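K.L.:
Sequence:
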Amino acid sequence: MYVTDSDVVAVGAASAQSEAIPAHIHKVMLTSTTACWVAYGVNPTASAADGSFYLPADTEVFLGVHPGNKFAVIQAAAGGSLSVAFLS
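Here my numbering is used: position 50 in the sequence shown is 97, and no number is missing along the way.
If you are wondering where the hints come from, they were derived from the structure by calculation, not from laboratory data. Values in this document were obtained by computation on a predicted structure and should not be read as measured data. Even for Gly, the Cβ is constructed at its ideal location relative to N, Cα and C. There may be inaccurate statements among the hints.
[To be verified] Each pair of labels, with its calculated beta carbon distance range:
no., residue 1, residue 2, range
1, 106, 57, 14 to 22 Å
2, 124, 49, 31 to 39 Å
3, 135, 96, 29 to 37 Å
4, 61, 97, 12 to 20 Å
5, 60, 98, 15 to 23 Å
6, 95, 116, 19 to 27 Å
7, 126, 49, 23 to 31 Å
Whole structure, please, built from the sequences with the hints as guidance.
P.N.:
This is the structure:
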């Protein structure tokens with residue numbers, strides 16, 4: 048498994064979306080410089096509620112994904128960056 052490309056999303060007080068997952072990608076690795084809430088889907092909105100999952104700072108999470116879907120992210124307490132690495 049290797050990284051083919053990536054997307055960096057600013058984590059802030061409002062939900063922000065990643066770019067769409069490319070057609071040939073079915074796995075990603077998420078990491079964030081700050082604790083945050085992450086949602087996933089066709090048009091996701093992240094929040095500290097049902098439908099989002101908590102991602103601690105400096106943690107790697109590997110997930111299966113569907114091409115065309117996106118991630119959304121919102122800060123838990125402070126701003127930072129979410130990296131979405133597309134894996135092949």
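K.L.:
Each of the hints needs a verdict: does it hold here or not?
P.N.:
Here is how each hint holds up against the structure:
1. 106 <-> 57: 14 to 22 Å: holds, 18 Å
2. 124 <-> 49: 31 to 39 Å: holds, 33 Å
3. 135 <-> 96: 29 to 37 Å: With Cβ atoms ~33 Å apart, the hint holds.
4. 61 <-> 97: 12 to 20 Å: holds, 19 Å
5. 60 <-> 98: 15 to 23 Å: Given a distance of about 18 Å, which is inside 15 to 23 Å, the answer is holds.
6. 95 <-> 116: 19 to 27 Å: At roughly 21 Å between Cβ atoms, residue 116 and residue 95 fall inside 19 to 27 Å, so the hint holds.
7. 126 <-> 49: 23 to 31 Å: 30 Å Cβ-Cβ, so the 23 to 31 Å window holds.
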